[in-house]
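Peer 1: The lines below spell out each chain.
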Amino acid sequence: MKKIIALLLLTIALFAGNKFLMPDEAFMPSAEVVDGDTVVATMKLGEKIYVYKEKFDFTLKENSALKIAKTEIENKAEDHDGEMVYMEDIKAKITFAKNSRAASQEKVLLVMHYQGCSEAGLCYEPSEKVFELEIVTFSLPIVSSEGIVNEVKDDVKLIEEGTADDAFGSSETDEIVAALKGGSVLTILAVFFGIGVVLSLTPCIFPMIPILSSIIVSQGEDISAKRGFTLSLVYVLAMAFAYSIAGVLAGVFGENLQVLLQNEWAIGGFALVFIALAFSMFGFYEIGLPASWQSKLSSASDSASSKGGFVGVAVMGFLSALIVGPCVAPGLAGALIYIGQTGDALLGGVALFVMSIGMGLPLLLIGAGAGKFMPRPGGWMDTLTHVFGAVMLAIAIWMLSRILPDMVTMMLWAIFFIFSAVYMGAFEPLEAGKRGWNALVKAIGVLFMLYGLLLFSGALSGSTSMLTPLDQFTNKAAVVEGSSALKSAKTPFQIIHSSAELDAILAANPDKTVMLDFAAEWCSSCKEMEHITFADTAVKAKMGEFVLVQADVTDNTDEERALTKRFGLFGPPGILFFKQNREIKNARIIGYQPPEKFLAHIKKL
Amino acid sequence: MRTLLLLITSIVSLSADPKWAPGYEQAFALAKAEQKGVMVMLTQDNCKACWYMENIVFEDELLVEKIERSFVPLSLDVHDDDIHGLDYSGTPTFYFLSAEEKVIKRLDGVYNIKEMTAALLKIALPKNGEDQ
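Residue numbers (the working numbering), protein chains in the order written: chain P, 1 to 605; chain H, 1 to 132.
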């Protein structure tokens with residue numbers, strides 16, 4: 001003790017009489033968000049300044065949705081005359097937990113509390129510094145609002161470092177966010193264009209192909225490769241524009257316009273447009289702009305008709321993007337999260353635009369091709385117009401299937417095929433000597449008729465499967481032998497629609513891996529996932545080890561939206577994995593994954 | 001708590017220790033009566049430097065005698081007590097005031113016995129109310 005005092009006396013004698021640092025020179029706190037959900041706080045210390053260990057602390061102000069889960073301080077505290085103190089710049093990592101009310105991003109007021117002294121012999125007052133930070137919440141562990149459901153009250157259970165989380169590195173989406181944050185503008189745009197081109201081969205874009213083709217065909221007879229290309233370009237630009245706007249809105253407000261538009265009115269309206277177009281192509285009437293508009297346009301430009309066409313195509317492109325193909329893919333999600341995190345709507349928006357152009361690339365090629373190979377006016381042209389009229393009707397039914405009961409949809413398909421068959425002359429005799437193509441068309445017509453009838457009887461029997469419309473009859477036999485085997489063939493998901501249901505399942509299965517699949521009737525990638533990936537035997541076997549939960553967000557109710565927002569998703573498809581009540585970081589999958597890739601992924605869990 | 005600590009310290013160490021005045025008003029009343037100034041020591045919890053002043057420096061009999069010859073010692077906690085607007089950037093901060101509550105000298109931070117003694121000598125000189 002004497003030695004210590006002597007040492008203290010010596011140190012103090014050395015510095016006594018020095019000018020002391022002002023508090024803001026002695027303590028320079030700062031904090032920043034890393035990886036969206038973690039805060040790294042640093043306390044730079046002035047010369048000869050130290051901070052008491054027990055007086056260095058973090059709290060949250062005015063946010064009930066998040067709480068601090070863990071504060072890790074990198075420095076080791078040292079014994080300084082019987083007090084544990086930090087003698088060097090302090091670095092702390094703060095992680096959070098959320099309750100079920102947390103939005104995808106939460107603004108927090110993080111308060112750093114500290115008190116320390118100068119070794120020159122002055123002790124500063126306890127102080128605090130408040131940081132306003134935005135925390136992305138989807139990967140945070142969950143604490144129920146009551147704090148009882150999950151048995152994780154104040155001390156949130158955390159998965160030990162170095163376990164499941166690390167197996168994945170960072171997710172594709174995270175990498176894209178990182179690329180946006182780090183890269184130069186040109187690199188970013190190039191990367192996004194590339195992502196777009198890759199995405200163009202996914203189901204997000206497929207429905208656009210018949211739509212665009214129909215539109216080009218409906219443009220009439222004076223179509224050329226150049227005009228076909230120009231029309232597609234207008235369509236693609238409008239589509240890209242719509243994607244960007246929707247994306248920026250989603251990023252900034254967290255509401256996905258595309259998902260919001262998945263309601264009866266928008267889909268019904270859009271389907272009606274297609275039905276109207278189809279009938280116009282069948283020659284029942286001509287669709288054109290009102291005469292007054294046309295004359296205005298014509299005074300503005302000599303090529304009034306082509307202009308009118310462009311406006312129509314642009315509108316279709318815009319609406320198609322919003323209504324037809326709501327797809328959330330890694331690139332899109334990445335850009336949306338970037339916009340949400342940084343508020344940089346401009347770069348995020350431009351990135352989305354460039355990505356959408358990439359997505360539209362095949363459409364441009366198809367448009368140019370459609371223009372080039374379009375037959376000259378005459379009998380063939382009429383037939384083609386009718387075929388595309390039928391395609392438009394098919395699109396209308398396909399769109400309506402999102403809002404109509406499956407049985408009604410199936411009935412519509414039945415009617416569609418039966419009508420098509422009649423128009424194809426399935427019941428008309430083949431004129432002698434005029435077989436060839438006519439026979440082929442008639443044969444196809446007969447097949448359509450048969451299929452239509454099967455669908456018709458299937459729909460009446462209560463079947464909903466387009467591929468096995470008679471399953472109601474065939475299954476009846478199976479029921480006698482034992483239906484359990486058949487039922488188990490389909491992957492059993494527990495369907496949920498709200499956060500509360502999810503929390504209950506998570507709470508009930510603390511030791512199991514829970515797989516949460518976001519899906520909706522209108523999500524084409526989800527269907528692919530369900531019919532290809534989940535149907536794979538090896539995948540199914542592995543998935544059997546998980547608690548399988550499917551969040552069905554088809555209806556886009558408030559609760560479903562809240563559930564989607566809670567995990568920072570902008571819509572389906574998205575697959576998340578949970579262990580011990582907490583999402584396994586970087587394990588989530590956005591977009592379609594083929595069976596092999598998916599299997600490899602879930603094997604790591 | 002602080003008072004309790006002071007009480008214990010004063011009981012344990014029968015040596016020096018300034019006779020801290022019980023309060024601000026009492027200190028100045030006493031100063032007026034005895035024609036002295038007031039030495040205010042601003043302290044707080046978790047103040048290593050204050051601990052050093054209280055337990056090492058103010059244990060020195062000669063120093064304490066010098067202080068008490070010219071000043072009534074008063075210790076105020078910056079958080080618990082009314083410090084009557086005295087400014088500080090940390091603790092300990094010492095104020096030497098006239099009985100009329102006029103600031104004669106402010107000392108920031110820790111001073112060892114020798115330095116405190118030297119400082120006191122300088123302060124004691126213009127005791128008649130003149131600022132240094």
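Note that these hints are calculated values from the structure, not bench results. Keep in mind that this is a model prediction, so the values were computed, not measured. The C-beta atom is built at its ideal place from N, Cα and C for all residues, glycine as well. Hints should not be assumed to be uniformly reliable.
[Unchecked claim] Pairwise CB distance ranges, derived in the manner of DEER restraints:
#, chain 1, residue 1, chain 2, residue 2, range
1, P, P126, H, K122, 25 to 35 Å
2, P, N75, H, E59, 40 to 50 Å
3, H, T117, P, P126, 42 to 52 Å
4, P, V40, H, P22, 44 to 54 Å
5, H, P22, P, K93, 42 to 52 Å
6, P, K19, H, T117, 39 to 49 Å
[Said to hold, decoys possible] Once the Cα atoms are required to be at most 25 Å apart in a straight line, the calculated DSS-like pairs of lysine-lysine come out as:
#, chain 1, residue 1, chain 2, residue 2
7, H, K105, P, K19
8, P, K61, P, K565
9, H, K66, H, K114
10, H, K36, P, K19
11, P, K19, H, K114
[What the hints assert, rightly or not] Chain P is nowhere near these chain H residues, computed Cβ spacing over 10 Å in every case:
#, residue
12, W20
13, P22
14, K36
15, K48
16, E68
17, R69
18, V78
19, D87
20, T93
21, K102
22, D108
23, V110
24, K122
25, I123
Peer 1: Each hint should be assessed against the structure and marked as holding or not.
Peer 2: A quick look at each hint next to the structure:
Between P:P126 and H:K122 the beta carbons are some 33 Å apart, a value that agrees with the proposed interval 25 to 35 Å. At about 34 Å, the CB distance of P:N75 to H:E59 disagrees with the hint of 40 to 50 Å. Under the hint 42 to 52 Å, the C-beta atoms of H:T117 and P:P126, about 32 Å apart, miss the expected range. Checked against the hint of 44 to 54 Å, the C-beta distance between P:V40 and H:P22 comes to roughly 49 Å, which is consistent with it.
Range check, H:P22 to P:K93: about 48 Å between beta-carbon atoms, so the 42 to 52 Å window is met. In this structure the supplied range 39 to 49 Å is violated for P:K19 paired with H:T117, their Cβ-Cβ distance being about 21 Å. The hinted pair formed by H:K105 and P:K19 meets the criterion: a straight-line CA distance of about 15 Å does not exceed 25 Å. Annotation: proposed proximity of P:K61 to P:K565 holds, straight-line Cα distance about 23 Å (limit 25 Å).
For a cut-off of 25 Å, the pair hint linking H:K66 to H:K114 stands: about 12 Å separates their Cα positions. Between the alpha carbons of H:K36 and P:K19 the distance comes to roughly 29 Å, so the proposed pair goes past 25 Å and is violated. Proximity of P:K19 to H:K114 is assessed by CA-CA distance (about 18 Å); at most 25 Å being required, the pair is judged to hold. For H:W20, the condition that its CB be more than 10 Å from all CB atoms of chain P holds, with the nearest at approximately 19 Å.
A cut-off of 10 Å between C-beta atoms confirms that H:P22 is not in contact with chain P; the least separation is 24 Å. Even its closest Cβ contact with chain P, about 25 Å, leaves H:K36 beyond 10 Å, as expected for a residue assigned away from the interface. Look at H:K48: its CB is around 5 Å from the nearest CB on chain P, not clear of 10 Å, so calling it non-interface is violated. Residue placement check: H:E68 keeps its beta carbon more than 10 Å from all beta carbons of chain P (closest about 22 Å).
Distance to chain P confirms H:R69 as a non-interface residue, since its nearest Cβ pair spans about 23 Å, more than 10 Å. Distance check on H:V78: its Cβ comes as close as 7 Å (rounded) to a Cβ of chain P, failing to clear the 10 Å threshold; non-interface status is violated. For H:D87, the shortest C-beta to C-beta distance to chain P comes to about 12 Å, beyond the 10 Å cut-off, and the non-interface label holds. H:T93, annotated as away from the interface, has a beta carbon of chain P within 10 Å; the closest lies near 8 Å.
Under the 10 Å C-beta cut-off, the non-interface status given to H:K102 relative to chain P holds; the minimum distance is some 24 Å. Not every CB of chain P is more than 10 Å from the CB of H:D108 (nearest about 5 Å), against its label as outside the interface. At the 10 Å boundary, the C-beta of H:V110 falls inside the reach of chain P, the nearest C-beta of that chain being 3 Å off. For H:K122, the condition that its CB be more than 10 Å from all CB atoms of chain P holds, with the nearest at approximately 12 Å.
Remark: the non-interface label on H:I123 is consistent with the geometry, its nearest Cβ contact in chain P lying 15 Å away (cut-off 10 Å).
Taken one by one, the earlier hints fail for this structure at numbers 2, 3, 6, 10, 15, 18, 20, 22 and 23, listed in ascending order.
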